[in-house]
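Asker: Chain by chain, the residues run as shown.
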Amino acid sequence: MMIASVQTLAQLRGIHRRYGSTIALDGIDLSLQRGEVLALLGANGAGKSTAIGLLLGLLAPDRGEATLFGQAPGALVARRRSGVMLQSAGIPDNLRVAELLDLTRSYYPAPRSVADCVALAGLDGLLDRNYRRLSGGQQRRVQFALAICGNPEVLFLDEPTTGLDIDARQRMWATIRELVAAGTGVLLTTHYLEEAEALADRVVVLNRGRVAAAGTMQDVRALVSQRRIRCLSALDVARIAGWPGVRSATRGHDGCGHDGSLARIEILTDAAEAVARRLLAEDPALGELEIQRAGLAEAFLELTRDPADAGTATDQKEAA
Amino acid sequence: MNASHAIAADAAAAHSSLRSYLLEARYECLRLLRTPSFALPSLLFPPLFYLLFGVLLNKSSGDAARYLLATYGVFGVMGAGLFAFGVTVALEREQGFLIYKRALPMPPGAYLFAKMAMAMVFAMLISLLLSILAATVGGVDLRVSQWLLLWVVNVVGVLPFAALGLYIGTLVGGQGAPAIVNILYLPMAFLSGLWLPLKLLPAWIAQLAPVWPSFHHSQIALKVIGMDAGGSLALHLGVLIGVTALFFVLARRRLAAG
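Protein chains in written order, with this note's numbering: chain V, 1 to 320; chain Y, 1001 to 1258.
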């Protein structure tokens, strides 16, 4: 118990929170441990930013308890041990980067040196620049520097790499890994599934204010039994779509084969073995058979699909 | 682990906020000095108006130059307080900066302290510029104690307008704030007798004047140079303190509600 309380940096227990008649969080539990990256995944409106707002003390729960370092979030002492990067910081645009760092570092008891901040966040040559004159990606890196400048034990990153190019994103990932290796706990929300994949020790998938799945990335994927079958076949996709266990069957645009009778077919299924057996039995000429576990993207869509919602996968992808 | 945990907690608790207060105030001033759309009108309009109406167009007497020194001082700090608070708070609220600041370990009160300090710095500069103009080209001759007192009245007198501006900033968005501030600022200045003495204006305007905080501020400034309407100092101070307290309380309530 003692150990747990020391290792646990941030915790939500049985949290309910609504905005007017909209339920943002409907009884969620989560905890962040020292030295781990916890990724919060979910579509817009799933409750990710509300969860962060509660842990930062920006919002109060209607029911349940939020704690940061075992205290009520929002206490100055707790905030002095946390770093934060919000989705939009609204930073006043006519200060220089060095001035923003100077001010934010003054809030913390043992801040990182400016040189360290520059190196970790990739701010070389930006210190004397006006924040307003920076590109979106550069501003995001400054916000990251402000989040880590206080040497925080816990780091809240709300969609940190939005607007970054691939190099900058990978550099930020490397820095986050470095901080985590040194014991920092990181709570990350992201729309980029590869980001969760690259960084997270654990993921929590939120859907409409509830925890839809939690565990390691592997756990979350295993929860989804769906697999994808690809093959080259002359079978009629409409007929395949009617087979038991098949969720969808689609035909590629271009016919192929010597007489154009074969088509690329893609099948999403919960019963890959049975469907593959039937495919081979019904079409002896079938070729290029491929079976894949659903990627995280599909796992994610599957987890966040509302049973009551008849929306297509494309809609879901846009919402995500 | 437990030990380092406790050490981190102790260090966090013991950290002094003083430097943050000072830096916050310094950068707030720098930010606004670097914003020409705020700094230029705030710092230059009162001296320019004074130069025009108190010196160049003033053929009559030294009285007008003295009167307008006091009232343009009030006009200047009123603008600094209203705009510096009203517009910046509205923008920062709208753009999410206030929420970000609440998530950061900024010491409580540093935000308002910095803005108050900034408004007072602008008030000092405005008052200083006006005094230099009055003493040189305006030919105004005051005792040292009067110059100093006038300066103090202006610098402290920015607070009721800062409070009013703050409250406006919590009510309206960044686009609406300048409009609302101007709608209050210019008529209030005129109706309080800051541009023309009240005795030159229709009687009903003079009767209505005690409604405006700027009237009470200007009466205190005029008292320093012996040109006030003879009202009680305690009443003028009481109204200004009341206005300051009322709008700070209202604004804090709005800010706390998020």
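Don't read these hints as lab results, they were simulated from the structure.
No residue lacks a Cβ here, since even glycine has one placed at the ideal position from N, Cα and C.
A hint or two may mislead.
Unchecked claim - Here are a few chain Y residues that sit away from chain V, every Cβ distance over 12 Å (derived from the structure):
1. SER1017
2. TYR1021
3. LEU1023
4. LEU1033
5. LEU1098
6. LEU1104
7. GLY1231
Claimed, not checked - A few chain V residues that face chain Y, going by a derived Cβ cut-off under 10 Å, partial list only:
8. HIS16
9. GLY20
10. SER21
11. THR22
12. ASP26
13. GLY53
14. VAL77
15. GLY83
16. ALA89
17. LEU95
18. MET217
19. GLN218
20. ASP219
Asker: Compare the structure with the hints numbered earlier in the document and write down the numbers of the violated ones, lowest to highest.
Answerer: 1, 2, 3, 4, 5, 6, 8, 9, 10, 11, 12, 18, 19, 20
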